[in-house]
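Residue numbers (my numbering), protein chains in the order written: chain U, 1 to 115; chain B, 1 to 114.
Derived from the structure by calculation, the hints contain no laboratory data.
Do not rely on the hints blindly, as some may be mistaken.
[Said to hold, decoys possible] As a list, the in silico DSSO-like pairs of lysine-lysine whose alpha-carbon atoms are at most 30 angstroms apart: (1) U/K102 x B/K57; (2) U/K3 x U/K70; (3) U/K3 x B/K57; (4) U/K3 x B/K3; (5) U/K102 x B/K53; (6) B/K55 x U/K102.
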Amino acid sequence: AQKITQTQPGMFVQEKEAVTLDCTYDTSDPSYGLFWYKQPSSGEMIFLIYQGSYDQQNATEGRYSLNFQKARKSANLVISASQLGDSAMYFCAMRELSGTYKYIFGTGTRLKVLA
Amino acid sequence: DVKVTQSSRYLVKRTGEKVFLECVQDMDHENMFWYRQDPGLGLRLIYFSYDVKMKEKGDIPEGYSVSREKKERFSLILESASTNQTSMYLCASSSPDRGGSPLHFGNGTRLTVT
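Let the hints inform the model, and build the full structure from the sequences given.
In structure tokens, the structure reads:
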């Protein structure tokens, strides 16, 4: 069965520093997609970045990059040059691409950026 | 931009009441989803639908049902609300066109059952 694990309930980072949020996953499907979402205190879910299982390169979107290590089944989110506005909950999610439309989520990591 | 609209931001209901949570999306997406979000548990999938009148159980369907009579609308029904259904409910939609299609979320409904 597919599963997402985020082992860091909370993290602190100093403003302007980089931070890595961990995500490991489990699936038997060779074809899958991995997503990261940000949820600020206002509650909306904001899509950040996507990585496909067959993508050769790690995904990047502005200050966000995804450190994809397929053999280790990890898809860590790296935020460079942290800003105060990055303080939020971050969720890792996965969708198996063979025969289901389910997206499953991890339990999230609460990131606090310190001035 | 995709817009997913949930009818209520906050809702307070009594135990045993039948509760309807409504969700509408305006991007002609085939797939729609209902999640509940609880502290420490992340988002858990209740039900999803990949076509009109089609539905599939997610990971925690007990105590819930859904209705999708039109493509743009997906309703979550609590047949007899209980206090353990107090939670934040998030509706989402996606296009099945590409594997990388992200979920687009509504702003959530915070339901309190007393």
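These are the hints, each one checked on the structure:
| no. | hint | in the structure |
| --- | --- | --- |
| 1 | U/K102 x B/K57 | 10 angstroms, holds |
| 2 | U/K3 x U/K70 | 15 angstroms, holds |
| 3 | U/K3 x B/K57 | 17 angstroms, holds |
| 4 | U/K3 x B/K3 | 28 angstroms, holds |
| 5 | U/K102 x B/K53 | 17 angstroms, holds |
| 6 | B/K55 x U/K102 | 12 angstroms, holds |
In this structure, none of the earlier numbered hints is contradicted; all agree with it.
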